[in-house]
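Line by line, the protein sequences give chains A and B. In terms of the numbering used here, the first sequence opens at residue 107 and continues consecutively. In terms of the numbering used here, the second sequence opens at residue 107 and continues consecutively.
Hints may be right or wrong, so weigh each one.
Heads up, the list lumps identical chains together, so a pair's fine if it works in one copy or across two of them.
Using 30 Å as the maximum straight-line C-alpha spacing, the simulated DSS-like pairs for lysine-lysine come out as follows [stated by the list, open to error]:
1. K196 / K158
2. K302 / K196
3. K276 / K220
4. K276 / K253
5. K268 / K196
6. K196 / K210
7. K220 / K196
FYI, nobody ran anything at the bench for these hints, they're computed from the structure. Since we're looking at a predicted model, the values are computed, not measured.
2 protein chains.
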Amino acid sequence: MAESDKVEYRPISVREALTEMKDVSEIMIDLAYSSALFNSDELAEEVMELEKRVDYLDYIIDMNVMLAARDAEDAEHLTAVTSVAAATNKISDAAADIAAIVLKNIGIHPIVRKAFQQVEERLARAIIKPDSIFVNQTLGDLELAAKIGVDVIAIRRCREWKIDPDDEEKILENDVLIARGAPHGIDELKELASGKLKLME
Amino acid sequence: MAESDKVEYRPISVREALTEMKDVSEIMIDLAYSSALFNSDELAEEVMELEKRVDYLDYIIDMNVMLAARDAEDAEHLTAVTSVAAATNKISDAAADIAAIVLKNIGIHPIVRKAFQQVEERLARAIIKPDSIFVNQTLGDLELAAKIGVDVIAIRRCREWKIDPDDEEKILENDVLIARGAPHGIDELKELASGKLKLME
Chain A
107 MAESDKVEYR PISVREALTE MKDVSEIMID LAYSSALFNS DELAEEVMEL EKRVDYLDYI
167 IDMNVMLAAR DAEDAEHLTA VTSVAAATNK ISDAAADIAA IVLKNIGIHP IVRKAFQQVE
227 ERLARAIIKP DSIFVNQTLG DLELAAKIGV DVIAIRRCRE WKIDPDDEEK ILENDVLIAR
287 GAPHGIDELK ELASGKLKLM E
Chain B
107 MAESDKVEYR PISVREALTE MKDVSEIMID LAYSSALFNS DELAEEVMEL EKRVDYLDYI
167 IDMNVMLAAR DAEDAEHLTA VTSVAAATNK ISDAAADIAA IVLKNIGIHP IVRKAFQQVE
227 ERLARAIIKP DSIFVNQTLG DLELAAKIGV DVIAIRRCRE WKIDPDDEEK ILENDVLIAR
287 GAPHGIDELK ELASGKLKLM E
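Extracted from the complex, chain A is given alone in its bound form (with noise of 0.2 Å):
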């Protein structure tokens, strides 16, 4: 992923950005699963925005196969390309489908909380408030996975998507963090995150 969060629209490889399609919905799934199991417009929102990402990778993808095609046959492989890429979105467009109807606010209906409520891990969001503890430390200090059992999937800073950040990644202030993890410690990161809680147990 980008160092600076300064250059949103870098270039990018094909290849990078079918990686990161690949992993942008496969995030986006369990996020829309989770927003309709705990009726969580926050999640929703968050599906929604992935979405846009995902929206711009198929662009960027579509963009740089066209300029690759050199001849018949190359163009035929490269169709192999754009059809992965559009399932993939097709993927996240489910994703968002589902994100959309939270968002309508109209009650998830029990049986579709009953359906998914064998996930045991939860997802969450976490904004990070400027007096958290979080704020300038990288991931690999927090050591949040050993210390509360909690996974930063995604970090989204304004715009800017950090997707399976590493331990290098510094989290700012504003930051979102998108978390899988029990369901205390998603507990405990939400208070870290906001402030509230100034050691980690």
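With chain A's structure known, arrange chain B on it following the hints.
Okay, now just chain B, sitting in the frame of chain A:
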């Protein structure tokens, strides 16, 4: 899941159908990406088989929901159920789209393979031959996870699927196992299923 493979069209509740749709669509995505990564027609064919099951489940849900709506408020809440089912069906359609590209045999472009190759575990299909040591053993007896590091995520018996089968599930001749594991374990599973290998190492 059904105890017997004879009862193909047993009654199934909306909750059961939706839970199964969700589980199946997730397996389909994994299988579809694996089929693209390994250019595997056999995995792509299983995706197509599962797609039929999802279509059937979607139909069952629509039917039951229509019968369940007693008034306008009820109907409004139940649209959330059919919408979630439709979104899950869309996910499985997208997985089938990827499998269809593999089955077209135009060759998977190296870009697609590179994008998917960070997948550490492999999915594979193993068909149980008459002289396999697996025949008439339950999954609990076999302890495949402990012994060869392989997890059976689904069993297909003709057109009937057992998703996430439990320990009591008995393996029969001609069963098709869909399993997840490290490459070495997967190879061993295939040899044991084919009857070439008679002992778990």
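Verification of the hints:
In this assembly of identical chains, K196 and K158 lie within 30 Å of each other by CA distance both inside one copy and across copies; the values are 13 Å within and 18 Å between. Taking the shortest alpha-carbon separations for K302 and K196, neither the intra-copy value of 40 Å nor the inter-copy value of 41 Å comes in at or below 30 Å. Taking identical chains as interchangeable, the C-alpha atoms of K276 and K220 lie at most 30 Å apart only when they sit on different chains, with a minimum of 28 Å there against 38 Å within one chain. For a Cα distance limit of 30 Å, the shortest separation of K276 from K253 inside one copy, 18 Å, qualifies, whereas the shortest one across copies, 41 Å, does not.
In this assembly of identical chains, K268 and K196 lie within 30 Å of each other by CA distance both inside one copy and across copies; the values are 21 Å within and 26 Å between. When the C-alpha separation of K196 and K210 is checked against a cutoff of 30 Å, the pair qualifies both within a copy, at 21 Å, and between copies, at 20 Å. In this assembly of identical chains, K220 and K196 lie within 30 Å of each other by CA distance both inside one copy and across copies; the values are 25 Å within and 21 Å between.
Going down the numbered hints, you'll see the structure goes against just number 2.
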